[in-house]
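Residues in the sequence shown are numbered from 57 upward in steps of one, following the working numbering.
The hints are simulated quantities; they were obtained by calculation from the structure and are not laboratory data.
Since the model is a prediction, treat every value here as computed from it, not as a measurement.
Even glycine gets a Cβ: it sits at the ideal position worked out from N, Cα and C.
It cannot be assumed that every hint is accurate.
What the hints assert, rightly or not - Below, in silico cross-link-like pairs of lysine-lysine (BS3-like), each with a Cα-Cα straight-line distance of 25 Å or less:
| id | residue 1 | residue 2 |
| --- | --- | --- |
| 1 | Lys98 | Lys135 |
| 2 | Lys135 | Lys90 |
| 3 | Lys135 | Lys101 |
| 4 | Lys92 | Lys122 |
| 5 | Lys137 | Lys122 |
| 6 | Lys90 | Lys137 |
Said to hold, decoys possible - Here are the computed distance ranges between Cβ atoms for each label pair:
| id | residue 1 | residue 2 | range |
| --- | --- | --- | --- |
| 7 | Pro112 | Lys92 | 15 to 23 Å |
| 8 | Pro112 | Asp136 | 28 to 36 Å |
| 9 | Glu134 | Glu105 | 14 to 22 Å |
| 10 | Ala140 | Pro112 | 28 to 36 Å |
| 11 | Gly113 | Lys90 | 34 to 42 Å |
| 12 | Lys108 | Leu130 | 30 to 38 Å |
| 13 | Lys101 | Asp131 | 15 to 23 Å |
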Amino acid sequence: TLRHTTDLTHKLSTDQPMAKTEKSKSPKSAEKSKKKLSGFMKFSKENREKVKEENPGISFGQIGKKLGEMWRALDQPEKDKYNA
57 TLRHTTDLTH KLSTDQPMAK TEKSKSPKSA EKSKKKLSGF MKFSKENREK VKEENPGISF
117 GQIGKKLGEM WRALDQPEKD KYNA
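All chains, please: the whole structure from these sequences, using the hints.
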């Protein structure tokens, strides 16, 4: 594409890296970043290291699967502690 060609030409003609353009955040994206964590996310954050320690070499996907199994095994009063 033309932009890619221009970027490539600029990069080849200078030794300096191109400056990144800054994007302004919309008000909606700012609101999303302040959204409260779900109970499962709080539980995951609290238990992720424990799962990694108990299962050395476990993949990222397997950690999530294990955390999901643990979450589903909790009874409702335990889940309510994280959802509060």
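Results of checking the hints against the structure:
| no. | hint | result |
| --- | --- | --- |
| 1 | Lys98 - Lys135 | holds (10 Å) |
| 2 | Lys135 - Lys90 | holds (22 Å) |
| 3 | Lys135 - Lys101 | holds (14 Å) |
| 4 | Lys92 - Lys122 | holds (23 Å) |
| 5 | Lys137 - Lys122 | holds (20 Å) |
| 6 | Lys90 - Lys137 | holds (21 Å) |
| 7 | Pro112 - Lys92: 15 to 23 Å | violated (33 Å) |
| 8 | Pro112 - Asp136: 28 to 36 Å | holds (32 Å) |
| 9 | Glu134 - Glu105: 14 to 22 Å | holds (19 Å) |
| 10 | Ala140 - Pro112: 28 to 36 Å | holds (33 Å) |
| 11 | Gly113 - Lys90: 34 to 42 Å | holds (36 Å) |
| 12 | Lys108 - Leu130: 30 to 38 Å | violated (19 Å) |
| 13 | Lys101 - Asp131: 15 to 23 Å | holds (20 Å) |
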